[in-house]
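A.B. asks: Okay, here's what each chain looks like letter by letter:
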Amino acid sequence: MAKQLAFHFDASACNGCKACQIACKDKNDLPLGINWRRVAQYGGGGWLPHPTRPDLVVANNIYAYSMSVACMHCENPACVQACPTNALTKRADGVVLINQDQCVGCRYCEWACPYGAPQFNEAKGVMTKCTFCEDLLAQGQNPACVDSCPARALAYGELSELRAKYGTENAIEPLPAANLTAPALVITPHRHAQASSKGTGHLLNGEEL
Amino acid sequence: MNVREWALITFTILAQMSVGSFIVLGIVHYFTAKKSGEKQADELSDRALLAIGPVLALGMAASLLHLGNPLNAYKAVTNLGTSWLSREIFFGVLFAVAGAVFAVMQWKKIATFQIRNLVAILAAVIGVALVYSMAMVYMMPTRPSWNMLTTPVSFFATTLLLGVLAMGAAFVANYWYVQSKNPGCASEQCVLLRDSLRWFAVASIVLLGFQFVLLPLWVALMAGPATASAAMLVGEFGVVFALRLAFVFLGAGVARHLFVPRGVESGARKSDGHGRVLGVRARPCR
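From first to last, the protein sequence lines are chains H and P. Residue 1 is where the first sequence starts when you use the numbering used here, and the numbers rise one by one after that. Residue 1001 is where the second sequence starts when you use the numbering used here, and the numbers rise one by one after that.
Don't take each hint at face value.
[Claimed, not checked] Below, in silico cross-link-like pairs of lysine to any residue (SDA-like), each with a Cα-Cα straight-line distance of 20 Å or less:
| no. | chain 1 | residue 1 | chain 2 | residue 2 |
| --- | --- | --- | --- | --- |
| 1 | H | K90 | H | A64 |
| 2 | H | K124 | P | E1005 |
| 3 | H | K27 | H | K124 |
| 4 | H | K124 | P | N1069 |
| 5 | H | K124 | P | N1002 |
| 6 | P | K1075 | P | A1062 |
| 7 | H | K124 | P | P1070 |
| 8 | H | K198 | P | E1005 |
| 9 | H | K90 | P | L1080 |
| 10 | P | K1108 | P | L1122 |
| 11 | H | K124 | P | L1065 |
| 12 | P | K1075 | H | K198 |
| 13 | P | K1039 | P | T1142 |
No lab work stands behind these hints: they were computed from the structure.
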């Protein structure tokens, strides 16, 4: 199997603090409106009248969990296929990178990506995206988001190894179904996790993403 | 919507208009040549043919405004293998070149009628490939409301509709010009123009009717894969969508009155239901 770097996200450990998002923004010096890593919050549930005494007892089954989302460095990256100038490429280690000197700023990759990973830099007129902190990797360090997590909910490694260790889950709400692009992501689900496109809740912080 | 999005819409509409015009003009030329001969057909269509080039050029210029980094635009054809956007630009340029070659050949009467016909058919096929690529750009699984058969169908319907309307406008201008020089529509050209316009009116009404059916069908198909988009369309964008439907409906009526000058209208009424073909023999007008 080809080498494929991947992130592991432990949704059961994540407390939604967004340190990963800020660490990414800081390390990569991202301008306002661009966040390569974002923390989506998903929740649902409601009031549950007691089956025998609905007049007396009303419980609830409200739930919420977080999902840290960055570029999935997909095995079948829709952005790379869509890019008309070959500015987007998939490296031998699986990392999907954008060459801004090639980018024409058409934003077609933005349409193609189901994870909102390629983001447009209005000032430069080109697309930007998560680089897997390839500069840090080259120095033997971890990606900024991974090192920043106080709950140790983020990890990275070879996809096949992560799957052997944590399972193959990669499609939990609010993420889209995995068959679109085969994301290089392994999720340890939260206990309330809802399967993609079968969720009973909804995205709680859409305006932040 | 910002400038970049308007640029994209301008490009799409103008490119569709130029392809549609080219095809419609080709059909008119074919039937006219069959009925009244090559010379009359050329005279009828040559001036309108030269108007198509600037439309496409304008559209392509507008497309550059869509780009964040237009200096790299020339690189946009380098991913023909997987990117429909690359293919769109490739066929756009190819159509412009083939159309220009044909226009020059036709204007200067280079080569034989048959060879020019072949070049025209080749350009039209490239034009169809262009419109198909344009539609495929929007066929992506991440956008369920676009990723439907209605997208290519409506792109082709719009192409033909814009072609008919653009050529209708060109023919009306020519009709007035011919009338002013030679009142009473006594020349064969005038009669040919009038008969073409009659068919343009019928075609545009049919195509608008088709769009009127297609739009609600699209919304119906969205239920399921793109319920959220359908809800937005009738909710947040409900007024705009209703206006679009209303304009399509009104368009059919307007098309008839705007593109069918008075003299033509009476002729059209007379021949309604007779299934007359383009290029009928000249006959004196009232």
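A.B. asks: Are the Cα positions of P:K1075 and P:A1062 separated by 20 Å at most?
C.D. replies: Since the Cα atoms of P:K1075 and P:A1062 sit roughly 17 Å apart, the hinted pair holds (cutoff 20 Å).
A.B. asks: Hey, H:K27 versus H:K124, does the alpha-carbon distance stay inside 20 Å?
C.D. replies: It holds: about 19 Å lies between the C-alpha atoms, which stays within 20 Å.
A.B. asks: CA of H:K124 to CA of P:N1069, is that 20 Å or under?
C.D. replies: It holds: about 8 Å lies between the C-alpha atoms, which stays within 20 Å.
A.B. asks: Hint check: H:K124 vs P:P1070, CA-CA at most 20 Å. Holds or violated?
C.D. replies: Status holds; Cα separation ~12 Å.
A.B. asks: Hinted pair, alpha-carbon criterion (20 Å max): H:K124, P:E1005. Please report holds or violated.
C.D. replies: 18 Å, holds
A.B. asks: With a cut-off of 20 Å on the C-alpha distance, tell me whether H:K90 and P:L1080 pass.
C.D. replies: The given pair, whose Cα atoms are some 17 Å apart, holds under the 20 Å limit.
A.B. asks: Holds or violated: P:K1039 and P:T1142, Cα atoms, limit 20 Å.
C.D. replies: Distance ~52 Å between P:K1039 and P:T1142 Cα, so the pair is violated.
A.B. asks: Take the C-alpha atoms of H:K198 and P:E1005, compute the straight-line distance between them, and say whether it is at most 20 Å.
C.D. replies: It is violated: about 33 Å lies between the C-alpha atoms, which goes past 20 Å.
A.B. asks: For the pair supplied as a hint, H:K124 and P:L1065, confirm whether the alpha-carbon distance does not exceed 20 Å.
C.D. replies: 15 Å, holds
A.B. asks: Are the Cα atoms of P:K1108 and P:L1122 separated by 20 Å or less?
C.D. replies: 19 Å, holds
A.B. asks: Starting from H:K90, check that the Cα of H:A64 is at most 20 Å away, please.
C.D. replies: Violated, at about 34 Å.
A.B. asks: For the pair we were handed, H:K124 and P:N1002, check the Cα-Cα distance against 20 Å.
C.D. replies: The given pair, whose Cα atoms are some 17 Å apart, holds under the 20 Å limit.
This entry does not satisfy hints 1, 8, 12 and 13, going by the numbered hints stated previously.
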